[in-house]
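So the protein lines, in turn, are chains A and B. Position in the first sequence (from 1) plus 252 gives the number in our numbering. Position in the second sequence (from 1) plus 1026 gives the number in our numbering.
Among the clues, some could well be false.
Derived DEER-like restraints, expressed as beta-carbon distance ranges [claimed, not checked]:
#1 1161/B <-> 428/A: 50 to 58 Å
#2 1263/B <-> 397/A: 53 to 61 Å
#3 263/A <-> 1052/B: 25 to 33 Å
#4 1260/B <-> 283/A: 32 to 40 Å
#5 1253/B <-> 416/A: 20 to 28 Å
#6 300/A <-> 1260/B: 40 to 48 Å
Some chain A residues judged to face chain B by a derived CB distance under 8 Å, without partners named [unchecked claim]:
#7 317
#8 324
#9 337
#10 360
#11 403
#12 408
#13 412
#14 416
By construction, these hints were calculated from the structure, which means they are not laboratory data. No residue lacks a Cβ here, since even glycine has one placed at the ideal position from N, Cα and C.
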Amino acid sequence: MHPETRKRLLAALLAAQPDTGEHPQALDEARLRQALTGTVELSPAEQALLLHDPSARQRLYALRDAQRARQYLIWKRLGMATQVSYLAAADVTDHPVTIDTHPHLTVKVFPLDAEGTRWTIFLKVSETLQETLLSGLRLLDSGGLLWLIGQVDADGELSMDWAHAESPLQRLHHYELRIEPR
Amino acid sequence: MNCALNPAKPGTPARREVLVEFPVVGGRTTTLNHVRVIAYPDSLERVVSVPASRHRSRGAKAIIDNARYGEHKPEVDMDVVLHFDNQYFDGASFGLALALADKRARHGLAGYQGRLVATGVLGPQGAVDPVDAFVLKLTYLEQVLNPGDLFLYPTRNTTRGDSLAVLQRLRQRDIALREVEHLAQVRDLWQPGILQPRTEEESVMVERIGPITETKAFEQLGILVLDGSGSMSETGISDQPKAEEVNQAVRGLMSRLRNSRQRENFLLAVITYDHQVDTGRLER
């Protein structure tokens, strides 16, 4: 099993672990905040501690929720819409499709084969939006399907291969896209 | 005569895909990894997409910037998506492989058409710098390369006697070898750019003719007349200001047209109005 998959599986199992109240070490809140913003990565020891300590995980989730709320507030104050409207062009199948209907971000859908079975989703955010980001981003459609997740790079860009059976262009016929804090 | 001035003209493939392999020396094992680059000739926004790897993305973009140094539009702006077979590796010796895959995918293959393996660090402006553990890599390649394969490596890695001995054995097995100091030395591996005509005569011809535009079957003008009055700041049906809703709708229309195969056939004008005219905006 891939180490990352194993870690995610372990995290899912331990999320249901009852709190025994035994926490010889504690994770610093400042450290958790840094991890949430993506400025640092937790060390393997800190990750292990997080997996073994339900209260540390609860603190992390609470901080994450607060950060997401702050992010939404910032976007609202700046009048930044989270919806990305687009009506899919019917005649495009094997060429890249650009969705630049949002003033602060562009989504590009790249077909990786002629059959339309594999795709890459590319997101570029404006400098203005990038400056507001407290952490990573998620791009979802109104049907709840995750298109992209992660932190934009120094150029404000983020890419991910499409991992769903239905083509993204088909989804665009029925659903609207939106961004969310990670 | 080379008059292929418009890369998006009919007959141009929607995408070109090129794979170049490179050796990776690990702690316990040496393996072959590969980078696959897909280029989109009619998508010219200079996107370099490296899915799911922010760390790898930074290095790859720097390499591609160096590899494309001195190139002209439109090829230099061509969008590419690149994937590594295994993205968990360190070091920069994949630079030459990535640069070759990027060049061949964007410009099209030329010359050698078979399996291509390369190692080399790509420096500023396309210089090819030496790699670490070159002899280890050569020793591994001796086992996995086949007659007819092409292997490219930095010239500056060939100063040691032990590496020369392995290279000699590879040559004896009919494996094609090329030393590289600069990417320009292997430009025969991709098609010449549209602004790099083959002969002086062609160069003069291209300058005289200029860009060629195909005849349009139809041409449509759309004039959008948008309400710019104060009421547009009121909330619309999506809980956003009406102005924002209109803005998104207009951008949606423009985006749809831009992605149409017949995008060159549409012209758009946008006019806004208010309840009064601002004469300060009129040309006197």
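Hint by hint, here is what the structure shows:
1. 1161/B <-> 428/A: 50 to 58 Å: 57 Å, holds
2. 1263/B <-> 397/A: 53 to 61 Å: 24 Å, violated
3. 263/A <-> 1052/B: 25 to 33 Å: 27 Å, holds
4. 1260/B <-> 283/A: 32 to 40 Å: The hint (32 to 40 Å, Cβ to Cβ) is violated, given that residue 1260/B and residue 283/A are roughly 46 Å apart.
5. 1253/B <-> 416/A: 20 to 28 Å: 39 Å, violated
6. 300/A <-> 1260/B: 40 to 48 Å: 54 Å, violated
7. 317: 22 Å, violated
8. 324: 13 Å, violated
9. 337: 5 Å, holds
10. 360: For residue 360/A, the interface hint holds, since the closest Cβ of chain B sits about 6 Å away, which is under 8 Å.
11. 403: 6 Å, holds
12. 408: 12 Å, violated
13. 412: 5 Å, holds
14. 416: 14 Å, violated
Hint violations for this structure: numbers 2, 4, 5, 6, 7, 8, 12 and 14, all remaining hints satisfied.
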